[in-house]
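Chain B: place on chain A using the hints.
The primary structure of each chain is shown beneath.
2 protein chains.
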Amino acid sequence: MYHAPLKDIQFVFRHLIDRATLAEKMDHEALSDDLSDAIFDEAAKFAADIIAPTNAGGDKGSTRLDDGSVATPPGFKAAYAAMGEAGWTAMDASEEYGGQAMPMAVSAFVNEMWQAANMSFALCHLLTQGQIYALEKYASPDHKAQFIQPMVEGRWTGTMNLTEPQAGTDLAAIRSMAIPEGDHYRISGQKIYITYGEHDMAENIVHLLLARTPDAPAGHKGISVFLVPKFLINPDGSLGGRNDVKCVSIEKKLGIKGSPTAVLQYGDNGGAVGYLVGELNKGLEIMFAMMNHARFMVGLQGLAISERAYQQAVSYAMDRKQGTPLGGTEGDAIIGHPDVLRLMASMRSDIMAMRSLLGIGAAAMDLATHDGGQAHQDRLGLLVPIIKGWLTELSLEITSQAIQVHGGMGFIEETGAAQHYRDARILPIYEGTTAIQANDLVFRKTLRDGGASVMALLDDITADMNAITPEHDVQIATMAARVIHATDNARHAIQHLLAAANSPRKAAASGHHFVMMMGMLTGGWQMVRGAAIARKQSLTEGADVSFLSTRWTLADVFITQRMPQVDALAETIMKGDEAVLAIATDMLAVQ
Amino acid sequence: MYHAPLKDIQFVFRHLIDRATLAEKMDHEALSDDLSDAIFDEAAKFAADIIAPTNAGGDKGSTRLDDGSVATPPGFKAAYAAMGEAGWTAMDASEEYGGQAMPMAVSAFVNEMWQAANMSFALCHLLTQGQIYALEKYASPDHKAQFIQPMVEGRWTGTMNLTEPQAGTDLAAIRSMAIPEGDHYRISGQKIYITYGEHDMAENIVHLLLARTPDAPAGHKGISVFLVPKFLINPDGSLGGRNDVKCVSIEKKLGIKGSPTAVLQYGDNGGAVGYLVGELNKGLEIMFAMMNHARFMVGLQGLAISERAYQQAVSYAMDRKQGTPLGGTEGDAIIGHPDVLRLMASMRSDIMAMRSLLGIGAAAMDLATHDGGQAHQDRLGLLVPIIKGWLTELSLEITSQAIQVHGGMGFIEETGAAQHYRDARILPIYEGTTAIQANDLVFRKTLRDGGASVMALLDDITADMNAITPEHDVQIATMAARVIHATDNARHAIQHLLAAANSPRKAAASGHHFVMMMGMLTGGWQMVRGAAIARKQSLTEGADVSFLSTRWTLADVFITQRMPQVDALAETIMKGDEAVLAIATDMLAVQ
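Going down the list, the protein sequences come from chains A and B. Numbered per the working numbering, the first sequence spans residues 22 to 612. Numbered per the working numbering, the second sequence spans residues 22 to 612.
These are computed hints drawn from the structure, not numbers from a lab. Accuracy of the hints is not assured; some may be wrong.
Claimed, not checked - Distance condition first, Cα-Cα at most 20 Å in a straight line; then the derived PhoX-like pairs of lysine-lysine: (1) Lys303(A) with Lys242(A); (2) Lys273(B) with Lys81(A); (3) Lys273(A) with Lys273(B); (4) Lys81(B) with Lys81(A); (5) Lys98(B) with Lys66(B); (6) Lys66(A) with Lys28(A); (7) Lys81(B) with Lys273(A).
Chain A with its partners taken away, still in its complex shape:
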């Protein structure tokens, strides 16, 4: 059971995102109230009726058969076909290739629904979107014409082939080989952890693969990107023979079991036919350009799985009876127990903060694409590692709390809460671990410009908070003051990082704390903005006061629980780096 949280999505979309500026830069009708409502409503139905019912069954996993094919769980194939038929696979692509060129500010919330409904299923679409994004930007006109439209129509899907056994976080160590032959290359090598590398949901699978050419420079400057379809494509666009790539195994994983994670072997029979994408040896640059999108989408998965876990937990908490709550009456559900209330309130306020930040990030991505000014690029550059890092780490906490609410039932697989906990665990790992996000935020996004971008963000937070005065609203002004206090502490912590610019190991040792601190701080900023807007909205005629009041009431929960943690992390950043670096490796040996 999943119901899209439409009121909250609408609130973030209408009130937290700066739609006026967005509409100036991209004139898309989906930014209107009416069309966005219609899209969200339809997507909510599709997510609830078509996708969500496949989630629990999907946990039984995909199966690799003896012939190397992979059978996805019951219902996956039909649901993907339905997505294509309903046009949902066309949302992000350009109109030129049959797409709808939807603003991210809209499609992010639709994607939240897909990922919440069934994360292991929706991952296939997520990767296909990423590939469309890459091909539109870097592929030749011929390849665009050939490959994009079938993916837009939901007939083909896309994958990313990066990792090799010795090359995970460090892509410079890639060894897969591409040997030129006429207008194409012959690819050989082994790729691991390939999500939807083989499956039965599409007519064809298009692999986007990193490899070296024979005379490429060593290291990260000698890596190129190739398109390698599972089935070759005839000149008329029909499918030809099978390419020289096969799935040799799929992994037995902790979670997202419905999503097959393949080991792909290329070139056992002379080399798989592959086509160069972009320039030779520019592979990592191309990957890098796709990264904002990919990492944002994984942060989005963190929100989505948290919402799904929350919905299951709150439904249980409102139904289950166990003991009479303090101050309650016999027969009251466990939501009446103060600690269950605390858990649920904490989960819901965290999720609102996550969604708010995601909305801001989606709008920043649209602005960075359609305006391109440096300030928009910089803001997006800051938000992406925060969204990827914080939202995914937080999803571990929230899916764990959802188990806790269930008591012993939560530990039984049949209940379903454990699946979310297992599924979420991949999120702080793939598309760059939290440590990679931390390095990105510290070095590329903060130290490189001497802290200018991040200080500009803190200034925006302070300005927004200063605009909320006790004359407007005493309760919300108190929250705003607490955010300003936390912002001041964060500023000191960042100054400490900047002062460590010449001791990169010190800065790196605090990177994780920095990401978490910025996540909570920007979450607090948006929660208080939202609270103030909700209060103002509540005074308008016909306002949905019942919903709007949740925005300011839960903001208070967020601020009282999370702002003290911002202060704590700021202190650890300032005082804890040397303690970590004082640890010699032999102190960590078991003794």
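Below, chain B without anything else, positioned relative to chain A:
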């Protein structure tokens, strides 16, 4: 692979525990340096060689066969037999029944090794210990003579039968029925979540069960405890016919899959023969008396699974190569990356704090048993919910960090890191959820005596920290000062709770934060005590400076990471309770 952390165990046992006072109260030779060393060494070998190899295979789970019997995973049966033969099952029982009456201050560390080696296996022994403890205290002389010795010898095992579908946390809702018949009762009803309720590791299984008699008062005052053996016992002690209890199913769980969790059906054929333990209708009091022991042991499991996960992660981090660490050289292992170092240092410092606190708790349990003075009872009463609550919640974090260190490999089940993460998830749930620990700490242990016990604990912390002055050691005095600052904040938070004595919902809303705050604070106290002692020890002739320096270096990591969180939780306790209670249930509905 598991190696008992003998040096750290020895350090806590010799230096943090007040062995002199302990030896005054209980003259047991295991408290000596020589014998304790010998016990720890032998246990370490047994854990590594006999128990640990069964852990990964145990994750495949126990299997219920058609005849209602349950087959445990390969090696479990042999390992349990070996434990009995080596005398390890006899450690805790009185000498009268063939036991060794070992101080908890010693046996706790041996139990840590069993639980770290294979938690799902060692759970059987843990429950059997609990039952021996209960029977020694409450059973009639005849029942003691009949039931205890076979368990001490490892031939029989024990279970706890509390939960029913409608009665989990709320035991007052129990419906199982016991009808008197001669010298025994006839038991009927269904019990769920019965750990090792059926298995093939013992000749007989003794169920300790909560039920009502026909004319018992309603609610919690009408519950009694019964002994119900799987096989009836002949007057000569040999096994008779099968009793009327059967395993109707076992649960498919997130973790501890080796440990069968049974649904037991009693009385389908006229009622199972059961024997009253203790007085009629005093069942919950008896359970309550066992609780300190049971909850302490689950906290111990939190330490153990954390240590096991840490060992796997540190071994990977010292071996795996991926990218050249900042300031390192090509070919360095990933432990050289500052964020991996941070993760490992944080895990190890947390684990040292957990073990230190566990040692203090074990000694407190011995003193409470063998001295019985109110101050000892009160101190133990405080420490138990902190140890159960904080150590188990922290184990979720540490087993998660252990996955993170592995990157993508951590998500693949074959690696083994995911098993610890799944196994640990039961710990904050069983033997009383963290919310139950929180209620215990807030209401019974703090508000009931007007805060006297907890303030006495804070005074001890402050006194110990004040004794460490810069004249002794500047670095450690800085840590001590930071603990004092945190203690002051904790004192304010507790005063806030005391002031809320008439608003129990407010106090209850902060209970979880209170447990976590006290865990980190008492952990910091013991880490700084340990640092000061280690520094002093390091000056003695032949001192193991290499190990001792880890104690003060990791103390600094703990203090800089965890003391700011004590402050943060203190603030949330003081300012966040009303925000939570302002949440109306309908604000939590999905909309």
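The hints, checked one at a time:
1. Lys303(A) with Lys242(A): holds, 7 Å
2. Lys273(B) with Lys81(A): holds, 13 Å
3. Lys273(A) with Lys273(B): Holds - the C-alpha atoms of Lys273(B) and Lys273(A) are around 17 Å apart, at most 20 Å.
4. Lys81(B) with Lys81(A): Holds, at about 15 Å.
5. Lys98(B) with Lys66(B): It holds: about 19 Å lies between the C-alpha atoms, which stays within 20 Å.
6. Lys66(A) with Lys28(A): holds, 14 Å
7. Lys81(B) with Lys273(A): holds, 13 Å
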